[in-house]
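Residue numbers (this note's numbering), protein chains in the order written: chain W, 209 to 553; chain Y, 209 to 553.
Note that these hints are calculated values from the structure, not bench results. Be aware that one or more of the hints could be misleading.
Intra- or inter-copy, both count: the list cannot distinguish identical chains.
With a straight-line Cα cutoff of 25 Å, these simulated SDA-like cross-link-like pairs (lysine to any residue) come out [unchecked claim]:
{"no.": "1", "residue 1": "Lys269", "residue 2": "Lys280"}
{"no.": "2", "residue 1": "Lys280", "residue 2": "Asp527"}
{"no.": "3", "residue 1": "Lys215", "residue 2": "Leu526"}
{"no.": "4", "residue 1": "Lys234", "residue 2": "Ala344"}
{"no.": "5", "residue 1": "Lys280", "residue 2": "Pro528"}
{"no.": "6", "residue 1": "Lys215", "residue 2": "Ile353"}
{"no.": "7", "residue 1": "Lys515", "residue 2": "Pro354"}
{"no.": "8", "residue 1": "Lys215", "residue 2": "Val543"}
{"no.": "9", "residue 1": "Lys215", "residue 2": "Asp331"}
{"no.": "10", "residue 1": "Lys269", "residue 2": "Thr213"}
{"no.": "11", "residue 1": "Lys269", "residue 2": "Arg351"}
There are 2 protein chains.
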Amino acid sequence: MPGVTLKTVAKAVGVSPSTVSNAYNKPDQLSTALRERILATAQELGYAGPDASARALRSGKAGAVGVLFTDKLAYAFSDPYAVGFLAGLAEVAEEFATSLLLMPLSSTDIAGGSNAVQQAAIDAAAIFCVPGGHPALEILANRGIPAVSTDRGDHPDLSWVAIDEVEAAAQLGEHLARLGHREVVVLVDNAQAAGGRPVELTLDEVGYTDCELRIQGLQKAMPDARLRIVSGGHNAIASGLKGAEFVLDSQDRPTAIVGLSDILALGALEAMKVRGLTPGRDLTLAGFDDIPAASTAGLTTVRQPIKDKGRAVGRILLDPATTERQLLMPTQLIVRSSSGPAPKH
Amino acid sequence: MPGVTLKTVAKAVGVSPSTVSNAYNKPDQLSTALRERILATAQELGYAGPDASARALRSGKAGAVGVLFTDKLAYAFSDPYAVGFLAGLAEVAEEFATSLLLMPLSSTDIAGGSNAVQQAAIDAAAIFCVPGGHPALEILANRGIPAVSTDRGDHPDLSWVAIDEVEAAAQLGEHLARLGHREVVVLVDNAQAAGGRPVELTLDEVGYTDCELRIQGLQKAMPDARLRIVSGGHNAIASGLKGAEFVLDSQDRPTAIVGLSDILALGALEAMKVRGLTPGRDLTLAGFDDIPAASTAGLTTVRQPIKDKGRAVGRILLDPATTERQLLMPTQLIVRSSSGPAPKH
DNA sequence: TCGTTTTTCTAGAACGATTTAGAAGAACGA
DNA sequence: TCGTTCTTCTAAATCGTTCTAGAAAAACGA
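All chains, full assembly: derive it from the sequences and hints.
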């Protein structure tokens with residue numbers, strides 16, 4: 209049983225290893241009779257087909273696309289937005305009979321080289337919301353692996369599928385400005401607050417470029433408003449809850465809270481419920497992404513076509529017919545009941 | 209730039225390839241001074257570290273765990289239940305610095321050997337709700353890849369993490385029986401109905417062992433009830449909707465509908481809403497899994513600890529300290545407003 | 001000082017396939 | 001009949017590592 213290789217089969221059939229290889233990969237290179245004899249013998253010997261690693265090594269194709277996620281991999285699955293992206297990507301991957309390799313980013317030391325990004329056998333990579341300048345990106349670049357990011361990069365030769373963050377946020381900002389809001393808290397994903405207390409940040413401390421751009425877009429559209437940036441931790445319901453609690457229980461209550469993702473906004477919604485605050489009346493709440501739960505919650509948000517984003521990334525990575533390397537996807541302001549006029553005082 | 213390998217670096221530094229390899233993998237096998245010189249030279253030459261495929265080939269470790277999903281990979285992401293499983297699995301994978309390889313199951317021809325399961329460079333595999341007897345399972349077995357299934361298999365040496373399907377369904381069945389239901393429709397995931405019209409199936413046609421067991425469990429707990437099995441397609445909201453429409457618009461309305469997953473039940477809920485039927489009063493509705501949306505929808509369901517299931521599978525696959533190979537997880541009936549007494553007539 | 005252990009490094013053989021270039025024979029056209 | 005083209009198969013090189021032994025040098029204990 210142990211050590212049944214191409215060679216074993218070749219010897220058993222009485223042909224060269226090349227022929228056995230061809231039997232699997234290039235059926236038209238040998239007679240059907242021989243091919244069937246080879247396959248039969250292989251079956252008999254318990255040969256499971258060409259070894260994946262060896263094939264990958266020799267042919268230079270791994271048959272897999274890597275996916276890089278922000279922080280903890282497990283978080284990725286708690287955000288429907290990320291899941292939507294994956295669904296789109298998976299759709300295209302499936303079409304091209306390619307697997308998806310989800311790589312953990314955190315944990316192991318990057319410098320030592322013992323990390324997943326270094327070790328991964330992949331042909332290309334999708335980069336989902338990884339902050340620019342992250343060491344993993346450099347590793348990918350060093351390895352010469354083609355990558356597509358969900359954020360617009362600074363390098364002109366980088367591929368990306370993104371939205372106009374500033375413009376998208378500005379749409380929301382205009383909406384809020386028109387409603388008379390001038391005191392706004394922006395809830396962001398931030399590692400600093402992860403384990404402990406909620407923190408108030410400056411724009412420079414935000415870290416993620418896309419978040420920065422969104423905040424800039426908001427500010428641009430509501431120049432008279434005071435924007436405060438608060439984080440309760442990573443991108444999760446609980447963090448939105450914590451961040452909102454911090455804000456709602458302070459002396460300095462805003463008239464509007466904007467979650468930079470729906471997940472954060474939904475967390476804030478829970479904090480409001482607990483305090484008996486009705487969204488859209490007592491306080492305006494808005495999010496970003498338009499995940500399914502946003503509509504049931506009546507959350508005003510900026511919709512982005514996340515599944516299409518995943519598909520587009522997949523096409524750029526896998527479909528040779530796709531030549532466009534940088535794609536701007538449309539966004540749309542979805543107004544629901546959670547936003548209303550700022551209370552006068 | 210092209211072709212910078214271990215050898216290139218070795219030659220540049222003036223040491224043997226083995227030493228360069230050790231610099232990356234066994235830092236304690238060489239002096240720190242030399243190691244640093246090697247790493248520096250590597251950097252300089254643009255060497256990105258040992259090639260993943262070559263390493264995998266030689267060392268026999270791919271550093272990845274495969275995940276096998278029912279049918280379309282993209283479907284997996286539309287079901288919060290599957291996503292929850294992935295989250296748990298990802299958590300453990302992360303801990304062991306292992307990547308997750310999601311393999312598309314359908315599309316390409318299994319026999320030809322050009323499919324993902326055959327090609328995947330993985331050390332182990334998690335099998336999520338793949339019907340027994342699926343060719344992919346045989347391929348895995350042939351390749352000698354250790355696997356853990358989310359369904360109890362028939363082979364005693366197979367590893368699995370599962371629930372007692374019969375018992376779990378029986379809990380729900382008792383609840384329904386106590387409420388007086390005798391006309392029940394069970395909504396199942398089925399490929400037959402995928403593209404076209406909803407179908408009514410016999411128990412033998414269901415296909416998935418776990419579904420069969422659940423139906424048996426229901427029947428066991430409510431021996432006097434008539435159970436009909438209906439499918440509107442794959443495991444998705446739309447399928448539940450279609451299946452329920454078919455049932456609700458027929459002459460032969462049941463008093464209770466049981467979705468074999470919450471996703472299917474939620475689809476049925478939509479069909480009821482459209483028809484002005486209140487769950488728990490006009491018709492009883494129940495599901496399986498207890499996904500987050502079930503609680504907001506007030507859906508009676510059978511909870512299973514899905515994230516723990518994912519974690520347990522991960523442990524069996526990756527953690528040498530875990531010796532238990534077959535694990536039965538607890539389930540719990542969660543009664544919510546969607547179930548009520550059967551209308552008397 | 002001399003044998004012994006430890007540290008540091010190397011040679012060369014795998015690992016299991018695919019690829020390139022080409023050989024042998026069959027089939028073909030004129 | 002002879003040169004040409006196909007079809008079918010093969011030999012040998014190669015992909016880029018890691019591993020197994022073991023050599024050379026340094027450190028050690030008595």
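Now the hints, each set against the structure:
no.	hint	verdict
1	Lys269 with Lys280	between (28 Å within a copy, 23 Å between copies)
2	Lys280 with Asp527	between (29 Å within a copy, 19 Å between copies)
3	Lys215 with Leu526	neither (33 Å within a copy, 31 Å between copies)
4	Lys234 with Ala344	between (37 Å within a copy, 22 Å between copies)
5	Lys280 with Pro528	between (32 Å within a copy, 23 Å between copies)
6	Lys215 with Ile353	between (32 Å within a copy, 21 Å between copies)
7	Lys515 with Pro354	within (21 Å within a copy, 33 Å between copies)
8	Lys215 with Val543	neither (65 Å within a copy, 61 Å between copies)
9	Lys215 with Asp331	between (27 Å within a copy, 22 Å between copies)
10	Lys269 with Thr213	both (20 Å within a copy, 17 Å between copies)
11	Lys269 with Arg351	both (14 Å within a copy, 20 Å between copies)
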